[in-house]
Amino acid sequence: MTARTVLQEADITRALTRISHEILESNRGGSDLVLLGIPTRGVLLAERIAAVLARLEPGAGVVGALDVTMYRDDLDRHPTRTPSPTRLPAGGIDGKTVVLVDDVLYSGRTIRAALDAIGDLGRPRAVRLAVLVDRGHRELPIRADFVGKNLPTAVAERIYVRLRETDGEDAVAIESDPEGTRA
Amino acid sequence: MRHLLSTVGLARDEALGILDLAEDMAEVATRAVPKLPTLRGRTVANLFFEDSTRTRLSFEAAAKRLSADVITFSAKGSSVSKGESLKDTAQTIAAMGIDAVVLRHSASGAAEVLAGSGWIDAAVVNAGDGTHQHPTQGLLDAYTLRKTLHGDASRGRDLDGVRVAIVGDILHSRVARSNVWLLTTLGAEVTLVAPRTLLPTGVDAWPVRVGTDLDAAIAEAPDAVMMLRVQQERMHAAFFPHEREYANEWGLDDARLARLAADTIVMHPGPMNRGLEISARAADSPRSVILDQVTNGVSIRMAVLYLVLSGSDPREVAE
Numbered sequence: 001m002t003a004r005t006v007l008q009e010a011d012i013t014r015a016l017t018r019i020s021h022e023i024l025e026s027n028r029g030g031s032d033l034v035l036l037g038i039p040t041r042g043v044l045l046a047e048r049i050a051a052v053l054a055r056l057e058p059g060a061g062v063v064g065a066l067d068v069t070m071y072r073d074d075l076d077r078h079p080t081r082t083p084s085p086t087r088l089p090a091g092g093i094d095g096k097t098v099v100l101v102d103d104v105l106y107s108g109r110t111i112r113a114a115l116d117a118i119g120d121l122g123r124p125r126a127v128r129l130a131v132l133v134d135r136g137h138r139e140l141p142i143r144a145d146f147v148g149k150n151l152p153t154a155v156a157e158r159i160y161v162r163l164r165e166t167d168g169e170d171a172v173a174i175e176s177d178p179e180g181t182r183a
Numbered sequence: 001m002r003h004l005l006s007t008v009g010l011a012r013d014e015a016l017g018i019l020d021l022a023e024d025m026a027e028v029a030t031r032a033v034p035k036l037p038t039l040r041g042r043t044v045a046n047l048f049f050e051d052s053t054r055t056r057l058s059f060e061a062a063a064k065r066l067s068a069d070v071i072t073f074s075a076k077g078s079s080v081s082k083g084e085s086l087k088d089t090a091q092t093i094a095a096m097g098i099d100a101v102v103l104r105h106s107a108s109g110a111a112e113v114l115a116g117s118g119w120i121d122a123a124v125v126n127a128g129d130g131t132h133q134h135p136t137q138g139l140l141d142a143y144t145l146r147k148t149l150h151g152d153a154s155r156g157r158d159l160d161g162v163r164v165a166i167v168g169d170i171l172h173s174r175v176a177r178s179n180v181w182l183l184t185t186l187g188a189e190v191t192l193v194a195p196r197t198l199l200p201t202g203v204d205a206w207p208v209r210v211g212t213d214l215d216a217a218i219a220e221a222p223d224a225v226m227m228l229r230v231q232q233e234r235m236h237a238a239f240f241p242h243e244r245e246y247a248n249e250w251g252l253d254d255a256r257l258a259r260l261a262a263d264t265i266v267m268h269p270g271p272m273n274r275g276l277e278i279s280a281r282a283a284d285s286p287r288s289v290i291l292d293q294v295t296n297g298v299s300i301r302m303a304v305l306y307l308v309l310s311g312s313d314p315r316e317v318a319e
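Respectively, the protein sequence lines represent chains Z and X. Using the UniProt record's numbering, the first residue of the first sequence is number 1, and each one after it goes up by one. Using the UniProt record's numbering, the first residue of the second sequence is number 1, and each one after it goes up by one.
Next comes chain X alone, as it looks inside the complex (with noise of 0.2 angstroms):
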């Protein structure tokens, strides 16, 4: 593999694949020394455009279990607020010698830029880029619903009927995009549920189901709903009339927790707004697996650096 841009487009057997190599690399973490020499010598640069701590340290934790160097960079402070462009600073990260980008940016399609510009070498990593695609993000989602729903005989599994409700602010949702294509692609059945304003254009023609109405989604015993963060910061017009009314119709409240099967999985992408998009009790319940999404991220991580710098020199291997 040569970059890792989006989730469109990976194949089922390519995706299988990434998720069986994230279980060896979950392995590692349970041993007396949790570190591979795998990535020695190699460096990992995270050019981090727009904060995003999470993604931020799990790459970090990842890159170095493989014993990579990590060079971090956050525009916050940096020459980009000075007016510098993404292909500048990638270009000055790339003659300090560096073999993978971890590219996360505000604009969709940076990460498509960077890695078709010929401005640089490395591989390229889309660690989430505008409103398009966050793929490593889809990638832990689909392993955590798998390790959730098949324990240690997850490997070689797929969600082949795995129905999981994404449940929000889909319009603004690289999740939601990353994982549409991937769970789809692993032959789990998707359902968006979000007010008609959160939904974008083109929707009906994604391999997805649609509706608005999050008790009536409920009412059909999902496996698993996926709880999306409302981004405020990227709202610049009223999506909604009230955070009340978004709690009231859209969020995964108390009573709806008490409504949901046994069984369903809750998971969110993180940061989570409490009491707006989920409640307390349904972020800290034992169905949650919110946490595990989290220990997961650190694990797909792995495996995509792996992938995506071992091999011969990358420029003479097909993508």
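Just chain Z, with the same shape it has in the complex (with noise of 0.2 angstroms):
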């Protein structure tokens, strides 16, 4: 197997900042700003573009996190998952606009899931979704409102983000499986 490394930290950063940007764009400014990382890179993600947002305009933007294990369609096609917790703002989600942050966008099942799992905790006004990479094989209609980078990729490649906080160093990788078995 090869591994290729298609961004760095500067790039990530350049791509979280760019993706800060067009938020509070979106947005028209900061208010009423949720953003739910989906664990564990998601929740850094969006820990991320939180602090960029705070800079840009000061109280934008607060963090939550959003596991969506319960939510799953494929629980049994799996080896048992352990759920994370999740943790919403002091304010909940009604009424504001979402921003649900995740590392890799592929089938869109895992964002299936936390659309759900988003209807059993509030009725936020608008739900939108921001990615680091998106690498395409949709399997459901969904798309990234806020993409850090399109990465066509073939089904048998592997997609690794790599952030400091839990791997030492931020990186994204494009690994391919010669056999062609992995998903």
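If you are wondering where the hints come from, they were derived from the structure by calculation, not from laboratory data. Every residue, glycine too, gets a C-beta built ideally from N, C-alpha and C. Be aware that one or more of the hints could be misleading.
[Said to hold, decoys possible] Just the calculated beta-carbon pair ranges, DEER-fashion:
1. G29(Z) / T53(X): 24 to 34 angstroms
2. P34(X) / T40(Z): 24 to 34 angstroms
3. G41(X) / T2(Z): 47 to 57 angstroms
[Unchecked claim] Beyond 10 angstroms from chain Z on every Cβ pair, some chain X residues (computed):
4. V203
5. E233
6. S310
7. G311
[Unchecked claim] Among chain Z residues calculated to face chain X with C-beta under 10 angstroms, some are:
8. Y71
9. R72
10. D73
11. L75
12. T80
13. P85
Put the two chains together into one complex, using the hints given.
What follows is the structure in structure tokens.
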């Protein structure tokens, strides 16, 4: 298997800064904005975006974590997944613009689960989606509003997002699986 | 996890994983819609060969909060009273297509037999077998202790150094057995206090201290006292001279309640014999977490049902 780094630290920082600007622009400011990261790396990315937002517009954007494990439709196809805690900001999500944040957008099933989970937690005014990498191969009619990098991939390839908080470095790598066995 | 049959052999990390997962499940109960779609399409059969409204309702609530379908079977008024065996009942229910069996049975070891029999493919959760084990009760007790001691910061914590006195009818108590093994696995120091006649043979080999004097145990200021129900329905001989004597010697009465440290936690697995093993004042005191135990039971059972019913085809996943 060969891994090729496609985004480095500076690229990731630039992408998150651009996404932050786009979020502010589309929301017409930073009020009533909730960033919900999907664990694990989505939460870290949401926190980074929130830090940029706070610099651009003090007080803009609060962060939460949204675990979607219990809403997945593939629980019997994979080894048991351990859920992470869901943390909502004190004000909840009712009437807010929720921006879901994840590292990689692929089949769309995680986001489908996230939309279901949000429906059980409240009624946001709008839900948007921000991802660091969109690798294509959607299985559901879902698209991201804010994309760090579009990375057309083969199904047999894998995308690895590494963030310094969990992995010691910031990088996005693409790895091809010669046997083509892994989706 | 393929089955949950006993707390014996449950590894520390595994037990902590269940408790942490139950924290997530407890969070669900606080939401506007306290329901998850996780086990949609799965069917859980509650096979209760022995009466237990509390445990049955708790498992039922847990399964329904995870969107599973529930079939409930109770022996009373069923073909069991016509002599049908566990095997036949289990196979009949399995033929209706079920994914998990929650089994309560008066015979010790019934859950192990069902899980290892090959009669059914379903996951088996032991909801109490004879005087043997009641693992979800042990887990909910550990969860309640941890939550009471650490509150919101309880996730990931063990029970290292927590001193628990388990008091009363140890001989007939599967709750005591489940708790002894689980609590000590999690680092707690357990003392059993009971009349000699209600201590099982072989108790010396358990990882606990054993005493017969409740006052002496209280004087040591334990972090928690867990009062056990006197199981008169299982007593086919005289184990103590008189109920009043039992209450005097081993009951948590008002005087003993007053001698407990202010932060000692009072627990009881229910149903209680008020006035026998526990006084009404002790049961209703602010130190009592008896209703919390009931609430937490649902979260623990949600966690256990999730663990035995999620994952790849269970037949391919190691225990």
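Of the hints stated earlier, which fail here?
Structure breaks hints 1, 3, 6, 7.
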